[in-house]
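Chains as they are written, first to last, in the UniProt record's numbering: chain V, 1 to 376; chain B, 1 to 376; chain S, 1 to 376; chain Z, 1 to 376.
For the record, the hints were derived by calculation from the structure and aren't laboratory data. Keep in mind that the hints are not guaranteed to be accurate.
Any copy will do: because identical chains look the same in the list, a pair fits if it lies in one copy or spans two.
When the alpha-carbon atoms are kept at most 20 Å apart in a straight line, the in silico EDC-like pairs for lysine to aspartate or glutamate are as follows [said to hold, decoys possible]:
# : residue 1 : residue 2
1 : Lys178    : Glu87
2 : Lys222    : Glu66
3 : Lys271    : Glu291
4 : Lys113    : Glu231
5 : Lys222    : Asp333
6 : Lys125    : Asp333
7 : Lys125    : Glu38
8 : Lys222    : Asp167
This one's a predicted model, so the numbers in the text were calculated from it and none came from an experiment.
Protein chains: 4
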Amino acid sequence: MQKVRIGLIGTGYIGRCHAIAYAQVATVFPLKGLPVLEMLAEVTPELAQQRAEEFGFSRSTANWQELVSDPAIDVVDICAPNFLHKEMALAAINHGKHVYSEKPLALNAADAKEMAEAARAKGVKTLVGFNYMKNPTSQLAREIIANGEIGDIVHFYGTHNEDYLADPQTPLDWHCTKAQAGLGALGDLAAHIVNMAHYLVGDITNVCGDMQTVIKQRPDPKNPSLLREVENEDQASVLVRFANGAMGTIETSRIACGRKMGLTYVVTGTKGTISYSQERMAELQLYRHDEPQSRQGFKTLLTGPLHPDYAAFCISAGHSIGFNDQKTVEIRDLINGITAGDRMWPDFEEGWKVSRVLDAIATSAEELCWINVVEN
Amino acid sequence: MQKVRIGLIGTGYIGRCHAIAYAQVATVFPLKGLPVLEMLAEVTPELAQQRAEEFGFSRSTANWQELVSDPAIDVVDICAPNFLHKEMALAAINHGKHVYSEKPLALNAADAKEMAEAARAKGVKTLVGFNYMKNPTSQLAREIIANGEIGDIVHFYGTHNEDYLADPQTPLDWHCTKAQAGLGALGDLAAHIVNMAHYLVGDITNVCGDMQTVIKQRPDPKNPSLLREVENEDQASVLVRFANGAMGTIETSRIACGRKMGLTYVVTGTKGTISYSQERMAELQLYRHDEPQSRQGFKTLLTGPLHPDYAAFCISAGHSIGFNDQKTVEIRDLINGITAGDRMWPDFEEGWKVSRVLDAIATSAEELCWINVVEN
Amino acid sequence: MQKVRIGLIGTGYIGRCHAIAYAQVATVFPLKGLPVLEMLAEVTPELAQQRAEEFGFSRSTANWQELVSDPAIDVVDICAPNFLHKEMALAAINHGKHVYSEKPLALNAADAKEMAEAARAKGVKTLVGFNYMKNPTSQLAREIIANGEIGDIVHFYGTHNEDYLADPQTPLDWHCTKAQAGLGALGDLAAHIVNMAHYLVGDITNVCGDMQTVIKQRPDPKNPSLLREVENEDQASVLVRFANGAMGTIETSRIACGRKMGLTYVVTGTKGTISYSQERMAELQLYRHDEPQSRQGFKTLLTGPLHPDYAAFCISAGHSIGFNDQKTVEIRDLINGITAGDRMWPDFEEGWKVSRVLDAIATSAEELCWINVVEN
Amino acid sequence: MQKVRIGLIGTGYIGRCHAIAYAQVATVFPLKGLPVLEMLAEVTPELAQQRAEEFGFSRSTANWQELVSDPAIDVVDICAPNFLHKEMALAAINHGKHVYSEKPLALNAADAKEMAEAARAKGVKTLVGFNYMKNPTSQLAREIIANGEIGDIVHFYGTHNEDYLADPQTPLDWHCTKAQAGLGALGDLAAHIVNMAHYLVGDITNVCGDMQTVIKQRPDPKNPSLLREVENEDQASVLVRFANGAMGTIETSRIACGRKMGLTYVVTGTKGTISYSQERMAELQLYRHDEPQSRQGFKTLLTGPLHPDYAAFCISAGHSIGFNDQKTVEIRDLINGITAGDRMWPDFEEGWKVSRVLDAIATSAEELCWINVVEN
C-alpha cells in the first residue's frame with residue numbers, strides 16, 4: 001500500500017489532537033494508504049525529540065524549513081501558530097509537498113488567496129482542519145438537507161461562541177493581537193461556523209456585520225499591573241445572504257459566558273428544520289412539517305451506524321463519538337485523498353473563501369454597510 | 001372598593017384570553033379595585049350577545065362607537081383586528097377612557113405615536129398587551145439582570161419564530177396584507193421580542209435589518225386556484241445596538257418550521273448568561289461565571305413562589321403557570337394601575353417605541369443600511 | 001341551565017386552586033350546568049367570611065356540618081386536611097350530596113372503601129382530585145396508548161418525587177404523623193402516580209415494596225430544640241404488576257433533592273415509548289420504533305389545540321397551560337358529570353383502589369413480600 | 001520502559017474497540033509501561049491474520065490455547081463470546097498470565113467466583129471491561145459523591161436499557177440462549193449498571209427482583225418460519241439495598257423502545273442529587289440543596305479538563321469524548337496496573353460480586369422474595 005509520509009509542525013493543543021488521530025486512524029478505518037509518522041518539528045530540539053517519542057514520529061527537528069524540504073516527506077501538517085501558516089505552507093508547496101493546515105488558513109483573505117493559488121499552480125493537494133464538519137452528526141445534517149427532507153433552505157442561524165476570554169482578568173495573549181491572530185473571535189471561532197454554513201447551505205455572498213471589543217484592556221501576562229490594549233473583536237454578529245437566496249445570521253464570541261464549545265446551528269427549510277449544538281455532538285434535532293399536525297415535534301436523533309462514518313468507531317447507535325474522532329475522519333480523508341484521489345475538502349480554496357467572508361464581515365462592521373463578498 | 005368597568009371590543013383568539021383572565025384575576029390576586037365586565041362589542045348583535053353571556057359581560061353591542069362613548073365604561077379593552085386599533089383607541093381617548101390595547105399598538109410608528117400623544121394629552125392611562133413579559137419567569141430574568149447577577153449586559157439574542165404560515169398552501173389571510181396587518185412577521189411576532197429586549201436590556205437605538213417574503217403568493221381563501229400576492233415579510237433578522245452599548249440580534253419568522261411559540265432569548269453579561277424559551281415558560285437557564293470552574297454550568301431554575309407574581313397562582317415551585325396566567329398578571333396591573341396608580345407598563349409610549357423599532361428595521365432592510373431609531 | 005351549587009370546605013393550598021378553577025371554568029369551557037359558589041366553610045367565622053369574599057362564595061360558615069346538611073348545596077367539595085376527608089364525606093353522602101374530595105381519599109384503604117361503598121349505596125356521584133391526569137398532555141399520553149401507537153404496554157416507570165422535607169431542619173408537621181397523614185410520601189405523593197398508572201396502563205394487581213424513614217427525627221415546630229419522631233416513610237419504591245401483565249416500578253420521595261414537581265412516567269410498549277415530566281407539563285416525548293432506523297428518536301410534542309381539552313384554553317400550540325388549568329378541566333368534569341351524566345372519574349371507587357395499592361405497598365415493605373392487591 | 005505484551009482473543013464488536021483503544025492509548029496518556037500488540041486469536045487462521053494486520057498485532061493464531069500459553073504474552077485480553085470467558089481465563093491464569101476480560105465475567109456467579117479465586121491463588125492481576133465507569137463524567141460523579149457535595153446517599157436509581165431486541169421479528173441469537181448467554185438483559189446490560197452502583201454508592205447487599213420474557217419466541221435465524229424459544233429475560237426490575245443503608249432501584253431491558261445506550265443513573269443524597277444519561281456521556285446534572293432557594297436547580301456540567309482523565313484527550317471543556325475513549329482509560333489502567341502497581345479495578349473480585357448480584361436478582365424474581373446477596 002502506498003505510504004503517506006507525514007511531517008508535523010507544532011505539537012500544542014491541536015498538534016496533540018492530530019497525533020491522537022494519526023494513532024488510531026488505521027485501526028478505525030480501512031485506509032487506501034499507509035500513514036507514516038516521518039518527522040516532527042518543534043521550537044527546540046529537545047521538545048521536538050520528546051514529542052516525536054510521545055507521538056510516535058521517527059525523526060524530529062527544531063527547524064521547520066528542514067522538514068518542509070525533506071525528500072522523505074509527502075504531506076506537511078501545519079499545527080503551528082496561525083501567523084506562521086502562510087510562510088510554512090508556501091515553503092511546503094514550493095517543495096511540492098501536499099499541505100494539511102489547521103484553521104484559520106491565514107490571518108487575512110489576501111494571504112489565504114495567495115496560498116490557495118500557490119497550491120493550485122504547483123498542483124499539490126490541500127486540506128484545512130475545519131474538523132467539526134467531519135462529525136458524523138453534521139454529516140447527517142448535510143445528508144438530510146441534500147435529501148430534501150427539510151425542503152429548500154430559507155434560513156440559517158449559526159454561532160461559535162466560547163467563554164475563554166470572558167474573565168476581564170485573563171491576561172492578554174496571542175489571540176488578542178493583530179500581528180499574531182489577525183481577527184479576534186471571527187478568526188479563531190467563526191471560521192468554523194462560516195465553513196459549516198458553506199457546507200450545509202452553500203456559499204455566502206453578502207454580509208453585514210457588527211462587532212465589538214468589550215474588554216478593551218487586559219493585564220500584561222508578565223506584569224499584571226500593566227494593562228495592554230486588546231487589538232481585535234471579542235464578539236461579532238452578521239447578517240448573511242447565501243448564493244441560493246437563503247437568509248442567515250451568524251454570531252461569534254470569545255466572552256460568551258457559559259459556552260464551552262458553542263458551535264450551534266439551526267437550519268430552517270420549507271418543509272422542516274434541523275438544530276444542533278456541538279456540546280451534544282452526538283445528537284441532532286429534526287423536525288418535519290409534513291407529519292400529522294398532532295404528532296409534529298423536534299425529534300432527537302442519536303448518531304449511529306446508519307449515519308456517515310459512525311460505524312467505523314462503533315456499531316451501536318447512541319454510543320457517542322468524541323472530539324478527536326472528528327480529526328480521525330479528517331485524516332482518513334487526507335490519506336485517501338492523497339493516495340486514491342478521494343475528495344479532500346475543505347481545501348485551501350475553501351480556506352480562502354472562509355477568510356474572504358471573515359474579512360468582509362470585519363470591513364462591513366467598520367464601514368457600517370453591506371458587502372458583496374464575491375465582488376469584494 | 002373602586003370599580004373598574006371594562007368595555008371589551010373583539011372576542012376572537014385574544015379576546016377570549018382576556019375573558020379568561022378577567023374571570024380569574026380577582027381570585028388569584030388581592031386587587032386594589034374591582035373589575036366589572038360592563039359591556040362587550042362584536043360585529044353582530046347576535047355574536048355580541050352570545051359572547052357577553054359566555055364571558056360574563058352585562059351588556060353587549062354591535063357598535064363599538066357606542067361602547068367607547070358609554071358613560072359606564074372606565075377602560076376600553078381593544079382586542080379587535082390590528083388595523084382598527086388606532087381608530088378605536090383615539091375614539092376611546094377622546095371620550096376620556098383609559099385604554100388597554102392588544103399589540104401591535106398600530107400598523108406603523110406614526111399611528112402609534114399619534115395614539116401615545118393623544119393619550120398623554122388627554123391624561124388617560126394606557127396599557128399594551130405584550131403579555132410575555134408578565135410571565136413570572138421573564139420577570140425573574142429581569143430581576144436577575146437588575147441584581148447584577150450576570151454583570152453588565154454585552155449581548156442579547158432574541159427570536160419570535162412561529163410556523164403558522166410555513167405551509168405554502170395555507171391561504172392568504174389578513175396577516176399577509178399591508179392594509180390589515182402593516183408589517184408581516186415583524187408586526188405580528190417581533191413586536192413581542194422587541195418589547196422583551198427593551199424590558200430586559202433597555203432601549204434599542206440602532207438597527208440594521210434584512211427581510212424576505214419567502215412564499216410570494218398564496219391561494220385566495222375563497223378561490224384556491226387563484227394565487228394572490230403576499231404583501232409583507234415572512235421572516236426578518238436584525239442587528240441592534242442598545243442605549244447602554246450592548247450588541248444584539250433579533251430574528252422573527254412566521255414560516256419557521258417547528259416553532260409553535262418560539263419566543264426565545266439569550267442575554268449574555270460580563271458575569272453570566274440567562275437563556276429562555278417560551279415553549280418552556282416555567283423554566284429559566286442561568287449560568288454564573290464566578291462559580292468554581294469545575295462546577296460551572298447552566299442551571300435550570302423552575303419558576304416558583306419566591307419569584308415575582310408566581311405565588312398568587314400556586315405556592316409550590318415547579319408546578320407551572322400557563323399562557324392565560326400571563327394575561328391575568330397583565331390585568332392585575334391594569335386594575336391596580338387605574339385604581340391605585342401602580343405602574344402600568346408597557347404603555348402606549350412603549351407601544352410606540354416598539355413600532356418605531358419595527359418600522360426602522362423594515363426601512364433599513366429596504367435601504368440596506370443602519371438606521372438610528374431615535375433620530376429617525 | 002341546571003345549577004350546581006357548591007359547598008367548599010377548606011381554603012388552604014388546594015382550596016385556593018379550586019377557587020381559581022371555579023372562577024375561570026365557565027369562561028374556558030362551554031359547560032352543561034352552571035356552577036354556583038354557594039357556601040364556604042373554614043375554621044373560624046372570620047376566616048370563612050374573608051375567604052368567601054375572596055373566592056366569590058355567597059355564604060360562609062365555621063361549621064362544616066352545617067354546610068354538608070344545607071339544602072341549598074348540591075356538591076360538597078372537600079379541601080380540608082386529609083384526616084377529615086372520611087368524616088366529612090360520609091356526612092355529605094348521608095345528606096345525599098355529591099362529593100368532590102381532594103386526594104388522598106382517606107388515610108387508609110379501609111376508610112376509602114367505606115366511603116366508596118357509602119356513595120354507591122346512596123347513589124351520589126363522586127370525584128377525587130387527582131388533577132394531574134386531567135392535564136391535556138397526560139390525556140394525550142393516554143390517547144396515544146389507546147390508539148395502539150406504542151403497541152402493547154410492557155413496562156411502566158413512574159415517580160412522584162418532591163423535596164419539601166429534604167432539609168432535616170424542616171420542623172415536623174402534619175405530613176409526618178400517622179394520625180393526620182396516615183402514610184408519608186406514599187399517601188401524599190404516590191397517590192397521584194398510582195392513579196396515573198391506573199389511567200395509562202390499567203389496574204395494578206401485585207406489589208412488592210420497600211420504604212424508609214431517612215430523617216427519623218425532626219425539630220418540634222414550636223420548640224426547635226426538641227426532636228420529635230417522624231412516624232411515616234420519607235421514600236418508597238415498589239415493583240408492580242398490572243392486570244394486563246405489564247411490569248412496572250413506582251418510586252416516591254418527599255426528600256428527593258431537586259424535585260419540585262417530580263411526577264414523571266415512562267411507558268414502554270412493544271412499538272414505542274412515551275416519556276413525561278410534570279415539571280414540563282406541556283410537552284410529551286414520543287418514540288415510534290417503526291420509523292426508518294436512521295431517523296428514529298424521541299420526538300418532543302408540544303401540547304396544542306389538536307390534543308384533548310387544550311383548545312379551550314388557547315388555540316395555538318406550544319403556548320402552555322398551567323397547574324390550575326388542570327383543576328379547571330377537573331371541575332368541568334364535575335359540572336358536566338352532575339348535570340349531564342358525563343363520566344366522572346377518578347371517582348371514590350378509584351380513590352379506594354389507589355388507597356388499596358398504597359396500603360399494600362406499605363404492608364409489603366414491612367413484611368418483605370409480594371402482595372396481591374386485589375385479594376388482599 | 002517495561003513492555004506489556006498483549007494477547008487478544010476475539011475481534012468482534014468489542015474486540016475492535018480494544019484495538020482502537022490500544023492504538024491511541026500511548027499517545028493520549030503518558031504510560032508507565034509499553035503496550036506491545038503481540039498476538040491475536042480468531043476462529044480461523046485467515047481471519048486471525050487479517051485482523052492482526054488491521055489491528056497491528058505481530059502474530060496471529062486460530063488456536064486460543066496457543067495464545068494463552070505463549071511465553072511472549074503478559075496479558076490475555078478476552079473479547080471472545082461470554083460462554084468462553086471462564087475456560088479461557090482459567091487457562092490463562094493457569095499459565096500465569098494477567099487477564100483482562102470483557103463483561104460479564106462469566107455466565108453465573110459460581111463460575112465468576114471460581115475465576116476470581118483462581119486469579120487470587122495464582123497471584124495474577126485482573127481487570128473486567130466495565131468501561132462506562134471509566135468515563136470522565138462518571139468519574140466526576142464519583143468525585144462529587146466522595147467529596148460529600150450531595151451529602152449522604154439515600155437513593156440510587158439506575159437503568160441499562162436498550163432496544164436491540166425490541167422488534168419481535170428480530171431472529172433469535174446467542175443473547176437468547178442460556179448456554180451461550182446465561183442471563184438475558186441482566187447479564188448483557190445490567191452488569192454495567194450494577195457495577196456502576198457499586199462504584200458510586202457501594203456494595204449491594206439485598207435484592208428483590210422481577211423479570212419477564214416479553215417476546216417468548218423468535219424466528220430461527222436460518223429458517224424464519226420456524227419459531228424458537230427465548231430462554232432468558234427481556235426485562236428485569238429490582239429493589240436493592242446497599243451496605244450503607246441506601247435504597248435503590250435498578251432496571252434493565254433489551255426491548256426498551258428508543259433506548260440506544262440507556263445506561264442512566266440518579267443518585268440522591270441528603271444535600272443534593274446527580275443525574276446522568278450515557279446517551280449524553282459528556283454532561284452531568286448536579287443539584288445542590290444548599291443554594292439559595294430562589295436559585296436552586298439542576299446544573300448541566302460539561303465534562304472538561306478539570307475533571308478526571310479528560311485533559312489527556314482535550315484541554316478544552318465541552319469538546320466531548322467518545323465511547324472508545326472510555327476503553328482507552330481502561331487500557332491505561334491495565335498498563336499502569338501491571339507495570340506500576342496502580343489500582344486495577346473492576347477486577348475479577350468485582351466481576352464476581354456483580355455476577356452474584358445478578359444471580360440473586362434472577363433467583364429472587366423466580367422465588368418472589370428478597371435475597372441477601374452476601375449470605376447467599
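Have a look at Lys125 and Glu38 and pick one of within, between, both or neither, based on CA distance no larger than 20 Å.
within (19 Å within a copy, 37 Å between copies)
Within, between, both or neither: how does the pair Lys222, Asp167 come out at a Cα-Cα threshold of 20 Å?
Cα proximity of Lys222 and Asp167: one copy only (17 Å, versus 48 Å across).
Quick one: Lys222 to Glu66, C-alpha cut-off 20 Å, is that within a copy, between copies, both, or neither?
The answer is neither: 33 Å in one copy and 62 Å across copies each exceed 20 Å.
Intra- versus inter-subunit Cα pairing at 20 Å for Lys222 with Asp333:
Cα proximity of Lys222 and Asp333: none, with 42 Å in one copy and 39 Å across.
Can you give me the call for Lys178 and Glu87, within, between, both or neither, at a CA distance of at most 20 Å?
Result: close within a single copy only, 17 Å intra versus 57 Å inter.
Alpha-carbon proximity context of Lys113 and Glu231, limit 20 Å:
Classified as neither: same-chain Cα gap 24 Å, cross-chain 43 Å, threshold 20 Å.
Is it within, between, both or neither when you check Lys125 against Asp333 at 20 Å Cα-Cα?
within (12 Å within a copy, 40 Å between copies)
Please sort Lys271 with Glu291 into within, between, both or neither, judging by C-alpha distance up to 20 Å.
Intra 10 Å, inter 18 Å, cutoff 20 Å: intra and inter.
Checked against the numbered hints above, the structure breaks hints 2, 4 and 5 and satisfies the rest.
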